[in-house]
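The chain contents come next:
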Amino acid sequence: YVDQIRLHALALTNLAINTEIMIGQPNYFATGLGAVVDMSITSPTLTETPGWLFPFSRFFSTLPERRPPVAALEDYSEIGDCWCAAHSTDAPGQAQLGIQLGFPIFPKQITIEHIPMKVVPFRDVRSAPKNVELWAYNGLSHAQGSSVMKCKHEDMPAGWVCLGSVRYDIWGSNNMQTFDLDVETPSPIKRAIVRVTENWGANGTCIYRVRLHGRSDGVDVLTQ
Amino acid sequence: YVDQIRLHALALTNLAINTEIMIGQPNYFATGLGAVVDMSITSPTLTETPGWLFPFSRFFSTLPERRPPVAALEDYSEIGDCWCAAHSTDAPGQAQLGIQLGFPIFPKQITIEHIPMKVVPFRDVRSAPKNVELWAYNGLSHAQGSSVMKCKHEDMPAGWVCLGSVRYDIWGSNNMQTFDLDVETPSPIKRAIVRVTENWGANGTCIYRVRLHGRSDGVDVLTQ
Amino acid sequence: YVDQIRLHALALTNLAINTEIMIGQPNYFATGLGAVVDMSITSPTLTETPGWLFPFSRFFSTLPERRPPVAALEDYSEIGDCWCAAHSTDAPGQAQLGIQLGFPIFPKQITIEHIPMKVVPFRDVRSAPKNVELWAYNGLSHAQGSSVMKCKHEDMPAGWVCLGSVRYDIWGSNNMQTFDLDVETPSPIKRAIVRVTENWGANGTCIYRVRLHGRSDGVDVLTQ
Ligand SMILES: [K+]
Ligand SMILES: [K+]
Ligand SMILES: [K+]
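Protein chains in written order, with this note's numbering: chain A, 933 to 1156; chain B, 933 to 1156; chain C, 933 to 1156.
Next comes chain A alone, as it looks inside the complex:
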């Protein structure tokens, strides 16, 4: 019974924290703010049995429908309301999502969400992101852009800088996790890449939602 009270308190605390994340600041990856997926720099979508259903897919007669990459920018309420990238044969667990913002901002934080482990059969959230990098396009050559050293640089074309490398924890009490970025851009950016460089062990990677927070190049239009 005491455990139940603790669980209730935790649920309420998470509800409050998540409410704050959701309504505490703008999400520049919101499609309502003009953000769109840039398919030219986005991984192909998984077409087989999705990653979060691997262990039991042998039983499957009917398969839930596949969702397009924009699902990662939209709300979710159920298991499967996510975007799953196809397995990359050379780099398992990798997934890349390119986003064209509605207007330029200075990125500050990123929020990553996966479905809570408890809701998934066998707690199998191995397709959840583990290491996630945020890249931004500043149009400069590599040498000029300040970039985070812990990011994996090899195959990114010139003009892109890494603003942060974060670790999404599937064991966290809250499935909605916000991270500060390591690097600020000198000028506002309009293109971003969310890159999952490692997941929790599945062949494919699924993203339930990713949000970008930051500062706009302007001042508040309303003052009290």
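Put simply, identical chains are the same to the list, so a pair is met inside one copy or across any two.
Below, computed lysine to aspartate or glutamate pairings styled on EDC-like, alpha-carbon distance capped at 20 Å: (1) Lys-1050 x Asp-1149; (2) Lys-1062 x Asp-1152; (3) Lys-1050 x Glu-952.
Calculated directly from the structure, the hints in this document are not laboratory data. Since the structure is predicted, the reported quantities are computational estimates derived from the model, not experimental observations.
Take the given structure of chain A and dock chains B and C with the ligands to it, following the hints.
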């Protein structure tokens, strides 16, 4: 004012409880886990004025659209986001929903939801389920399957067993109610029937949402 | 840290209040209760860059899609899940939404919602309603209908009475605001107009959601 504080506390407690039901364990009736409606064993959908609008339907010029049975497996946020079964002339208030699961499980609990009474004009939730049975297909003959005696057996074909008979209470403080089942199946099941044998007084029966909880035939793939 | 606790408490209080508004009484503007938009007395929908994106629209390459007036009667979860009326050249900031109810009621309260200011870049919610009037059709001539004097009467045809004039506060801690109406109708009404006579400074006006509460002409069908 004290009443208001009590109401707030109650609302928060229910929010916390419901959060736990929703994210505390998998829902095997979720379409995202491969569950689909088996139309061959599902009641026809109501095509006339729905049950929850009976008392005032005489005024109606425009009617809300009818939803298919799968609505009972999906989320809802408004009045009418439900599936309403047609009145069965021989057994008023009865409704039957057949579900093919995505993969085999051992059922343990069932959650039933109806729209809160306060939101409905004249508090008319007579179309809400009252007695609900959960049946599962185990492929055995009647005699061999352990079944709950309080279920109504007459017209169920061989191979189906009743796992529980529960009472949804429209007067409960929380409209989301979870019940333990009475009987466990010796092997995992893949087909289920939710059977409303009695509602709260309307001619037709509406289901806002039904969830199935249980145990999968396997072990957690992730350990901390 | 103390500020964070205060914010959490506020978030939870608002969650509880909003839960009560949402599930404490019927919303007669719900489409599930048969409410439909009467396009003949509704402002045209904005087709250009929407009001809540004015200050940064110069950057826009892709624009979020326009939503029809019924969006103001439906749920929202993101910025842009609203109906935006076209700017009226003669009366800036005005917007009018006509609603045909599913059945007759005595209006008592109105709830108005806009997206929280914090979620909007530059906090620009100038397109939010400021002064809102609720009008009802009683079929009588002007002289006979009791009407609120502070409403703007000039261009409303005979048979319509003003039941209240309220002020939506974008600075309020809760973005969901419920107001008592000033006048009761002697008989139940079936047609209503929500009229924004002034917004917070934009050329166009957007409504995220409006709800109507009241009393039905009948008694509760269920008693405990
Ligand atoms: K999603
Ligand atoms: K539903
Ligand atoms: K809306």
